[in-house]
Amino acid sequence: MTRRRLTFVLFFALIPTVAIGGALLFRDLHYAWISLCVAVLTCLPIWYDFERRETGSSELMVLSVLTSLSVVGRFLFAWLPGFKPVTAITVITAMWLGAEPGFIVGSLSALLSNFYFGQGPWTPFQMFSWGLLGGLAGLLAKPLRRSKIRLCAYGVFAGVFFSLVMDLWSTFWMDGEFNIFRYSGLIKAALPIMIEYAVSNVFFLLVLANPIGEKLDRLRAKYGLFREPDRADDPR
Amino acid sequence: MITFRQRHPSVPLALLLSVLLLTMFGQSPMLTVPAFAGAVLFLTAIGIRGLSPDSGSTLKSVLGYLILWILVTVTNPLFSTGGATPLAFVNGRPYTLEALLYGAHLGTMLIAVLLWFRCERSLVPEENRFFLFGRIAPKLALLISTVLRFVPLLRRRAAAMRNAQTAVGVYDDPDWLNRTKSHMTTMSALTTWSLEHAIDAGASMKARGYGLPGRTTYRTCRFGAKDALCMIAVVALTAVTVLSLARGGLHYDWYPSITTKRPDGIDRAGVIAFSILCLMPFLSYLKEEIRWSFYRSKM
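Residue numbers (my numbering), protein chains in the order written: chain E, 1408 to 1643; chain Z, 149 to 447.
With the rest of the complex left out, here is chain E (with noise of 0.2 angstroms):
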């Protein structure tokens, strides 16, 4: 247990080192460098987190099981290139266990559908984005619930972000600075793309977030997971 939360100092001593160094080592994409940092460093903390506190084998498993249907549901509508449910499923859980299993599956989500579909420089900026998109989700569970409109505004929300965020990194990297003709350039081509996510989060939102959120509340009833002494504001 020391030795385990030794290394975790170390490596919160060691990031924002890191950070500043990088930085000043590589001026010229120093930009690019703070923003994977701090997208590395959002995961940080709240991998921490979930690793230090106590969580059933059966919550794991459940969470294990989420974050595969969101990489098989890549799979299963691979028919519709771009169409995936990656982002309703991380918002439904968030929605029905919490801002931290919200966070927990969607960066994991990007991290291994990335195992499937080709890791790359994306990869933290994916995680960090869907993490996030779940982390927020799990605190705005109360309003998203109550209303359908509310939810798809979320759906449509999550898909522009996402792509905002690639498209800002991309830049940052490939010029070193925020070349507005670049991120302009880069947004206009992917738009179809923006639009597609933002369309299939709506869609997949709407479909599964009900029958998926049935599911998850009955096994929270059935077997008592997810049941944290902390969370008295309980949506229900």
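Don't read these hints as lab results, they were simulated from the structure. Fair warning: there could be bad hints in the mix.
Using 27 angstroms as the maximum straight-line C-alpha spacing, the simulated DSSO-like pairs for lysine-lysine come out as follows [unchecked claim]:
| # | chain 1 | residue 1 | chain 2 | residue 2 |
| --- | --- | --- | --- | --- |
| 1 | E | Lys1622 | E | Lys1549 |
| 2 | Z | Lys329 | E | Lys1622 |
| 3 | Z | Lys354 | E | Lys1622 |
| 4 | E | Lys1549 | E | Lys1629 |
| 5 | Z | Lys329 | Z | Lys374 |
| 6 | E | Lys1629 | Z | Lys374 |
| 7 | E | Lys1555 | Z | Lys374 |
| 8 | Z | Lys287 | E | Lys1622 |
| 9 | Z | Lys374 | Z | Lys287 |
| 10 | Z | Lys409 | E | Lys1629 |
| 11 | E | Lys1549 | E | Lys1595 |
Treat the numbers as computed from the prediction; the structure is a model and nothing was measured.
On the provided structure of chain E, position chain Z as indicated by the hints.
Then chain Z, alone, in the frame of chain E:
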């Protein structure tokens, strides 16, 4: 000596991280070209032996990379108009030689990075990844390994349900709405089935003592003297490269015209060190290959 398959997994991981970060952020053709060459040599070598974990046709991917490279090169001047040598004017904006060359550099960097990500699968195989991360983050490592097991399982289950539904006659409905609906039915049933399975798996893990202290890993590796030697080599080569980067010796000014400092000894050393680093996976593979052939011929 350096044979990465036998080395402690932290050595190839350190090498990979160093090469990737320096290629991605070093912003110098003196680094991207060796990185590109190292990855191509390694991937070709393991590809010839059929050891590459990638399926997919080689010709297709080579063509894909070539198209990507041309695309990045040709479009870069449209985005950045710096540069003193206009070749043409597009929409009233200059299309410059410098921007074109910067695009070529950018394309090389992109492809080098993508190729090194492909090398990653051979350099740090899955079980080694779990060995490394299983200690620092056991829960995440467990999640990752179970997901990798669940994905094929869930795909098989989805296929089984799809077959059943096709037999009933609802799956191949020409109406796309009905077809999507039946996909959704599959997805829903898959969710129920898999979540129930997850509860069982969780209970069974608990029964077998998951979470108790003193857990061991499937793969056991010890960090020996040779590993230390290799690690020192990787760190030293990285340090030399970083030193020459920090002195600005590898720095290129692309706009308005391409200028670079005259390289001195340390800059040359930096480029050589980075080239050796990039060639290490290939050289270690080559050495294994020679040794293998040599021993065979003696028998």
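- Query: Which numbered hints are broken by the structure, listed smallest first?
  - Reply: Of the numbered hints given earlier, those the structure breaks are 5, 6, 7, 9, 10 and 11, listed in rising order.
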